[in-house]
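Got chain A; can you put chain B on it based on the hints?
Chain residues, written in single-letter form:
2 protein chains.
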Amino acid sequence: MNRCGIFDSGIGGISVAKEILKANLFDEIIYYGDTARVPYGNKNESTIIRYSLEALEFLKNFDINFLVVACNTASAVAIEELRREASFPVLGVIEAGVEALKNEDKNSNILLVGTKRTIKSDKYQKLLKKRGFKNITSIATPLFVPLVEEGLLEGEITDKIFEMYFKNIDKEKIDIIILGCTHYPFLSKTFKKHFPNARLIHSGQAIVEMIKTTYNLPIKRESSIKLFSSDAPEEFKINAKKLIELKK
Amino acid sequence: MNRCGIFDSGIGGISVAKEILKANLFDEIIYYGDTARVPYGNKNESTIIRYSLEALEFLKNFDINFLVVACNTASAVAIEELRREASFPVLGVIEAGVEALKNEDKNSNILLVGTKRTIKSDKYQKLLKKRGFKNITSIATPLFVPLVEEGLLEGEITDKIFEMYFKNIDKEKIDIIILGCTHYPFLSKTFKKHFPNARLIHSGQAIVEMIKTTYNLPIKRESSIKLFSSDAPEEFKINAKKLIELKK
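First to last, the protein sequences are chains A and B.
For the first sequence, our numbering begins at 173 and goes up steadily by one.
For the second sequence, our numbering begins at 173 and goes up steadily by one.
Among the clues, some could well be false.
If chains are identical, the list can't say which one is meant, so a pair holds when it fits in one copy or spans any two.
[What the hints assert, rightly or not] Derived DSS-like pairs: lysine-lysine, alpha-carbon spacing no greater than 27 Å straight-line: (1) Lys298 with Lys278; (2) Lys292 with Lys409; (3) Lys413 with Lys292; (4) Lys339 with Lys361; (5) Lys414 with Lys392; (6) Lys292 with Lys414.
Source of the hints: derived by calculation from the structure; they are not laboratory data.
No experiment lies behind these values; they were computed from the predicted model shown.
Looking at chain A on its own, in the form it has when it is part of the complex (with noise of 0.2 Å):
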């Protein structure tokens, strides 16, 4: 039985679990949102690293044998102290989403968003410096996960905060975007509109490019998953599963 634990602070990691859910990858997801902690963005590494680990303790006792940190703070900061106490493979959302490139121009003038956290970590800058891409300009984007949260997906407000975050940069230039949080490709509609020209690498879609490429694992017939959060886990299943079915 293949199992894969997910975790990520919170709801926003349904984003990537769908896409791996649909790829039929593993026979159940078990995932976990750690929703009395949300977010991690704003948080300190150490208080990062202790929430990760205790994520995985969690999902340990559902004998998974496969880890996803959909969350793209905890996989800058974490990943290696996850990989340490797991036995089996664990892979994030910013190896996956660097991997994601790999046919890429390395001239391509890449623009990576992320809350402070992710962008302070420069975790991505350095995966793509070292896959030889130089035209890397990196902006954190705090306001993007209450204006998601709030359905301010598109409109004026969304647009005045794009304006606002990408003021100094050429708009037409930008040939790829990584969204660097799990909460912002509800924003690729604005994206698009914003950056005509440019690629979105989206978490979720990565991942399942990267275990399916990496991991010689069968194809399933139908997975299942099961849902768990920190808090209100009545609540949390009715909004994760209405993400799941939209659009699927």
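Quick look at chain B alone, frame taken from chain A:
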């Protein structure tokens, strides 16, 4: 020795601590910000109660003999539980905010703004109705905290977000605005611009007034403050001290 414990989910309650400190009501103030789990506003009631009781346990180590709950969300859902566990007075910002209206006309048009959890708890609204106020409009404004944290205290984006939240309100007719979140006093200038005729109720000033009139405390010559937080204590101390010294 009179020692007052103050707690909030994060740094916002410093706006309350600062007023108490300035008023020299206690020999010492012990401030605890639960920054490892901030914000409380979108979390479940049982979780907020558990976090509040843990904050009380922490503050009891300092032999406090007064507790101020500077977090509106915790005041809304955990005040009774805190009183059950404390052998000293426990005062919340909500009761203080309502008390500050004791001389106002009962027909005043009151606008209450706060987090989703604070508004949904109905705590302010019930207390206001009990006091005889009839015209209360309450609106959850979850984007205001991230706006303050991004430093967008005024300007076009902030104005647009105000227009969005208050589009169904006759702004000229609002007499009183209860700033039901400790972050919101930082938006006072924008509130005054959009609501030219309103008196703003600030939790910190309301708490000081209520302590002065309700408890017979000897006036001290100078109060001191000690700062603690559950995440990144050094960074927290630096930022909190800056806020305390700001326009003191």
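These are the hints, each one checked on the structure:
no. : hint               : in the structure
1   : Lys298 with Lys278 : within (14 Å within a copy, 62 Å between copies)
2   : Lys292 with Lys409 : between (32 Å within a copy, 20 Å between copies)
3   : Lys413 with Lys292 : between (33 Å within a copy, 24 Å between copies)
4   : Lys339 with Lys361 : both (19 Å within a copy, 25 Å between copies)
5   : Lys414 with Lys392 : within (24 Å within a copy, 57 Å between copies)
6   : Lys292 with Lys414 : between (33 Å within a copy, 22 Å between copies)
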